[in-house]
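**Student:** What follows is each chain in one-letter form.
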Amino acid sequence: MKPKQILAVTKYNFRRWHKNPRIVITFCLAFVLCFLLSDKAVKFAKEYDTTMQLVEAFVWTFGDSNSILLSSLLLLLLFADMPFINSGTPFYLMRIDRKTWLAGQAAYIALAALIYLTFILVSTSLVCMRQSFVGNMWSETAAILGYSGAGQKVALPALVKTLEMSRPYECMATIFLLMLLYTLLMVFIMLLFNLRRGQLAGIAAVFAFSLFGFLLNPQTIKAVFQLPDELMYKANVAVGWLSPLNQATYHMHNFGYDLLPRLWQTYLIFALLIALCFFLSLRAVRNYNFNFTGTEG
Amino acid sequence: MGNENIAISVQNVSKSFRQERVLKSVSRDFEKGKIHGIVGNNGSGKTVLMKCICGFLIPTEGEVIVNGERVGVDVDFPRDMGLIIETPGFLPNVTGLKNLEILASLNKKIGLREIAASMRAVSLDPSMNKPVGKYSLGMRQRLGIAQAIMENPSLLILDEPLNGLDKHGVAEMRKLIKGLKEQGKTILLASHNQGDIDELCDTVCEMDAGVMTMIREESI
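So the sequence lines, in the order shown, correspond to chains A and B. Sequential numbering of the first sequence, starting at 1, is according to this note's numbering. Sequential numbering of the second sequence, starting at 1, is according to this note's numbering.
If we strip away everything but chain A, and leave its shape as in the complex, we get (with noise of 0.2 Å):
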């Protein structure tokens, strides 16, 4: 595998983003979304009249878990044509391998998930920019979203232990490595059963893995294994490890004083599940039959 062939592979891809109506209405539904999942913590605002941190949208509204989900699906329509094969694969197919074609594939998955967020970032940011500041400090809305628990009763995860122990830019940060990861292995799980079982089994598969993460919830695990009340928290406990949609949510985590997973530790996760998706989708590719769209004869 040569990385100039893999970085052409991944420029190919990007090439037929060029006047391609999928791509341009993907960009935009995702706009549409971030303006209403983030209209929510915006009209706190001006309800209250006060100012919000230019990232806080970004931070109240993907620090949900139903929030990440519904972007993340979103970007399937990016995806819609995987394993990116078009009349044009056979020519530069033949100018290279198997698995330098898919690390090109994975490279591009990457790179696009990384565009597609941090698209998303900026949009919402966009949403509030005109009652917004840019310095390093939580702002009055999130202070009276959090300290009164008026973020609870408008469903927004502006808790106070985010506050705390966290500022703005550093909280983005997090939260849009745990929402890259999240998606990065979705996608990577919708081309490894794309190569091995075909398009369908690819969308089939994502929509196992996402309808997981939704229902895994403590509600259900209690229901399950009929636990009294008082015993909730481990119900909690075991959704933020078994639940990849948990996972990728910033507040289920560890800060100090549970047994919620450590950001590190779902990096760590995340990362050895990717890794493993792309380690078995290397050895699918090896068996997997090429069919070029137009070519069939």
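Everything labelled a hint here was simulated from the structure, so no lab data went into it. Treat the hints with care, since some could be wrong.
Said to hold, decoys possible - Okay, the calculated beta carbon distance ranges per label pair:
# : chain 1 : residue 1 : chain 2 : residue 2 : range
1 : A       : I115      : B       : N93       : 16 to 24 Å
2 : B       : N42       : A       : L70       : 38 to 46 Å
3 : B       : P131      : A       : L272      : 43 to 51 Å
4 : B       : R70       : A       : N86       : 48 to 56 Å
5 : B       : K32       : A       : N86       : 28 to 36 Å
6 : B       : R70       : A       : I115      : 34 to 42 Å
As the list claims (entries may be wrong) - Simulated pairs of lysine-lysine, BS3-like, Cα-Cα distance not exceeding 25 Å:
# : chain 1 : residue 1 : chain 2 : residue 2
7 : B       : K108      : B       : K98
8 : A       : K99       : B       : K130
9 : B       : K98       : A       : K2
All residues carry an ideal CB built from backbone N, CA and C; glycine is no exception.
Starting from the known structure of chain A, fit chain B onto it as the hints suggest.
**Tutor:** Below, chain B without anything else, positioned relative to chain A:
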């Protein structure tokens, strides 16, 4: 025929897609330096066979050996091979020259001079500032052929290479293919057009329902 004279050896190759057996124990050696024709109706299995030879499809049974190397075992795709498989796909928003430059940059065997020469060989102007999206079908086909020959490969796999060309274009490309044979290249050519096969091919095989039969073995 000694092994050193064999460019492609297809040995007992079968290919199934789910329950459907598209290739049925195909065996055939293709000699170096000749043009080998494959004819057959749509769905007869000729493209699938070509894709197995190129390494894009993995045979369910049997193996393909190209220039002494087992495809899918020793190499993923045969080395020193140029190909065109039916509709050539290019980036529509850049010029033909740029498209070929992008492909050539993958293995860096050739430079701009060779790319331009291959375009001229198929009567395309390398300096033409027109994106491929605005090319006619015939021009795309020519660009596909230029792409196949630009790195001067010893083996050419051409699946319906003359599709979309007008009468004049067909005559030009036939001349080009004959010239490539004279340079000692091995060419595997699939075509619906009996005229192409009759004029160009030294040997001709027919594919029918996944079974290969020899029609003509000697040069005409």
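**Student:** Can you confirm whether the C-alpha distance between K98 (chain B) and K2 (chain A) stays at or below 25 Å?
**Tutor:** 22 Å, holds
**Student:** CB of R70 (chain B) to CB of I115 (chain A), is that within 34 to 42 Å?
**Tutor:** 40 Å, holds
**Student:** Sort out whether K98 (chain B) lies within 25 Å of K108 (chain B), counting only the CA atoms.
**Tutor:** Distance ~14 Å between K108 (chain B) and K98 (chain B) Cα, so the pair holds.
**Student:** Per the hint of 48 to 56 Å, is the separation of the Cβ atoms of R70 (chain B) and N86 (chain A) within bounds?
**Tutor:** 28 Å, violated
**Student:** Lying within 16 to 24 Å: is that true of the beta-carbon distance I115 (chain A) to N93 (chain B)?
**Tutor:** Given a distance of about 19 Å, which is inside 16 to 24 Å, the answer is holds.
**Student:** Does the alpha-carbon distance linking K99 (chain A) and K130 (chain B) stay inside the 25 Å limit?
**Tutor:** Between K99 (chain A) and K130 (chain B) the Cα gap is close to 34 Å, so the pair fails against 25 Å, i.e. violated.
**Student:** Okay, P131 (chain B) versus L272 (chain A) on CB: inside 43 to 51 Å?
**Tutor:** 44 Å, holds
**Student:** Between K32 (chain B) and N86 (chain A), is the Cβ distance one that fits in 28 to 36 Å?
**Tutor:** Cβ of K32 (chain B) to Cβ of N86 (chain A): about 32 Å, so the range 28 to 36 Å holds.
**Student:** Evaluate the given range 38 to 46 Å for the C-beta pair formed by N42 (chain B) and L70 (chain A).
**Tutor:** This hint holds: roughly 45 Å between Cβ atoms.
Consistency with the previously given hints fails for numbers 4, 8, ordered from lowest to highest.
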